[in-house]
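Colleague: If you want the building blocks of each chain, they are given just below.
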Amino acid sequence: MSALTFEAAVASTLAAESQRRGKRLARTLIWAAAAIAVLWFSGAQIGMNPLALVKGVPFMADFFSRMFPPDLAHLSLLGDATLETVQIAVWGTLIAILLSIPFALLGAKNTTPHPIVFHATRMFLNALRAINELVFALIFVSAVGLGPFAGVLAIALHATGMLAKFCAEEIEGVDRGPIEAMQATGAGRLQVILFGIVPQVIPAFISYSIYRFDVSIRAATILGLVGAGGLGFSLIKTMKLFKYHETATCILVIFVIVLVSDWVCARIRARII
Amino acid sequence: MNTPDTQRKPMISIRGLSKTYGGKGGGGVLALNNISIDVAAGEFLVILGPSGAGKSTLLRCINRLVDPSEGQVFHDGTEITAHRGDLRAIRRQFGMVFQQFNLVKRLSVLTNVLTGRLGYRSVWRSLAYSFPEADKRIAIECLARVNMDHKAFQRADTLSGGEQQRVAIARALAQQPMVILADEPVASLDPKIARQVLGYLREAAQELGITVLCNLHQVDYAREFSERVVGMSRGAVVFEGPSSALTDDILHRIYYREPGEVEKDEA
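Protein chains in written order, with my numbering: chain R, 221 to 493; chain C, 0 to 266.
Heads up, a few of these hints could be off.
Computed list of lysine-lysine pairs in DSS-like fashion (alpha-carbon distance at most 27 Å, straight line) [stated by the list, open to error]:
no., chain 1, residue 1, chain 2, residue 2
1, C, 104, R, 329
2, R, 243, C, 8
3, C, 150, R, 243
These aren't lab readings, by the way, just hints derived from the structure by calculation. Being a predicted model, the structure only gives us computed values, none of them experimental.
Chain C with its partners taken away, still in its complex shape (with noise of 0.2 Å):
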């Protein structure tokens, strides 16, 4: 994989993000703690931190499933967070893959990959459980990229998890998206299926030209699977950097940091 170039412009730009969960004025949980991150185009970013970290949270204020309470997040130079427009406009530019697959399991697999289109179709035509030809060839291939075109007219919920995840990386592939949001995607994964699952991840978005958030709390996955890595820590970054500069007092300071501890390069 190459190294992001840094000459280009940002495809997400995060400034001073953050969210607070209930108490409006006060009392309420500090889920994100001004984050402040670039991601580069054709980046594959690995975020890396415990459980309640915030990671779940900054994925889903990029696609505004949570709206954030302070800071902006720009998408290709356009401010997104602000926008009071079309959300569906927004949304259907980030896959999401969730760690618990998220499929409708009474759906057959290919129509599961097929709602990856809805949010380029109108409501009427959804109406009659209806796709167009092209959305599914789009459909199709997404599913072949990884390889579960065989298949296709299955239920959902006939298949194991990996090949699940295996589908929703197919359903986000068919929104075409500029980015997938990937949230924890192996963690109900084992060793073998979740590194088979992550290079199907990596191997559609570079093939496809797809930037890549993926959450993990995995430390082996994202030495191997990322070139750079942000770590957060009860809502905080507290590391940046390449994957190889992963040392033990950084994994320290992701996973072990307390709540008094002053973080000296947090400014």
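Pulled out of the complex, with its shape left as it was, chain R reads as follows (with noise of 0.2 Å):
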């Protein structure tokens, strides 16, 4: 290339590059100032009034100061529902991770066995996840009485939803090369699916999987609001009866719980990934 023609390419490319810059820049614009618009509307609808809550900070201040100390002398009532509260996470826990493994082998694109079925299942899980644990809790108290098991169902259908989507997303991304590679072995169309594509998601899975128990316990430690086991009935009981001081104990307890199960979270996650 002669050094002339070398000259108008570079000068010619970057022509372009400052006017698709431009371009961009008045898209940018553009897209700002509609969210602006729309999330300003939205916040005016819904009442967000910064001065409301620094008014407001009186009231809270008498709240907390009304739940000060905890009563600890109530701990000992607790213990009971502490660990009801870990055992419904850990029991809705481990059936959601039961479940969620057949529902995104169904709802991945690569390894549903029809369309149909793949777009049923997405539904599914769909509207797993668009019902609170609150909202199944409700349901299940009704069907199989007050108490810690609604809990454990509530949890379980709810995280399903969770897992199975996150499961088949990944198992959607996997590296087609392996795939490829067992199919051209011969092996059956489960076989590519466990040792092909099992052994790619599995890290990820696992990962999802810790995550969601901390999910668990924190969705645990509120069902019981609900008549649905565990620390939330401790906690509702005694706001309804104006015992803050016991209140602020059962709030003490949740954060030990939730804190104490990051940090388990965390070891076991360095432990196998």
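Got two chains here, separate frames each, mind docking them using the hints?
Modeller: Now the structure itself:
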């Protein structure tokens, strides 16, 4: 390439770059303006008002002062409820992990037996995630009665919706190469999944499962609000009886459980991933 | 290509370089064993050897992606191995080209080449993903050198392997380096494309006066593209000389040396 044509080529690419950047800037500004307008409008509609928050500070301070100090004598009564909270989370998450494996395989484009199955599975998983644990808990309380078992089922279903969706997306993102290699050996569909796909998604699946256990612990602490067992029941009970010092103790215990589970989860994750 | 002028002081001097991976008190793997090489300014030196000979480790000891266990590397007369100062300033003088291209696939071709300018720019500017106009001119010129300017706005993952490697060469050139370290740049390309890519690399380096250290495992390309070859085997230099002197006997020594075999000229 002669020096002249080289310069011309560089100049024209530079000009094209500046033109593209101009267009992109204009597009960014338009979208940013639209986003700000929408956010401003919705903020006004739902009464976002920083002033109200400032004015409310004394009331919050009053609430907290009534909770302080926490009634540590109440601690001895919370042992069973604490254990129950953890048990609900463990069982709920475990059932979700087991259920989410088949649903993930049915709900991933590259492993589903049929597009209809794929869409039906995704729809079902969307429904599971759309329904909050508390709502599920209300349904199961009326089905299996008050108590922790309703909580376990509530967490299991909602968590299945989340885990299966994440895992399905992970399956869809796997490297095609090993799958092709497994198919080339004459392996059947299930064998290809077992040897070409499962090893690729295992680390992510474990990671999601651990995260989900963390979420389940937090969900389990409030399921008691609707009578599905755990610490939430003590929380709502002491509040309704205006025993705020005891409420403070409940919150403290919940805080400690979340801290401990976070620590344990981090340790497990570091071990196996 | 001109024979490197041996009167000039070397661009790179490697003295007694060794690298042991793992196990400080013995039991580690000796990847490099007492390597000493001089590379003249503007030279296109090929380092030839089988996989596992230590070629990649050698290149990475030069730009300090790997810290050597013993020995020194001098760049233009300055010792850079023990240098604890500005690693960025050292690294930006060495452009690197990799076997697997290592482009950021989701970024455009132009942005990939612009990353060659990162060593010169502050973090604050980079936070906005923006580059000065002068850098854009440099990047586009480098792309034009490897004939890839017409694809400047495509995503890197839409390119073929040969095209990706040409973009990677442009990225190294955009650093305006004194030296390019090419680690098996054509190992995953077919012969025709490989020759084309090596041609672009040699031509650009020649025009810009850049010294090139190029790892290869194919004898044909070494004969074709370099005047001087360093042969490596099991972490040691077993040959150093013109590519025309690569006899079958020497190739056997480079590629098939047995673990216990003594090298008479290794002293």
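Colleague: Is the hinted pair residue 150 of chain C and residue 243 of chain R satisfied, with a Cα-Cα distance of at most 27 Å?
Modeller: 19 Å, holds
Colleague: Does residue 329 of chain R lie within 27 Å of residue 104 of chain C when you go C-alpha to C-alpha?
Modeller: With Cα atoms ~24 Å apart, residue 104 of chain C and residue 329 of chain R stay inside 27 Å; holds.
Colleague: Does the structure keep residue 243 of chain R and residue 8 of chain C at a Cα separation of 27 Å or less?
Modeller: Distance of about 51 Å is beyond 27 Å: violated.
When each numbered hint is compared with the structure, a violation occurs for hint 2 only.
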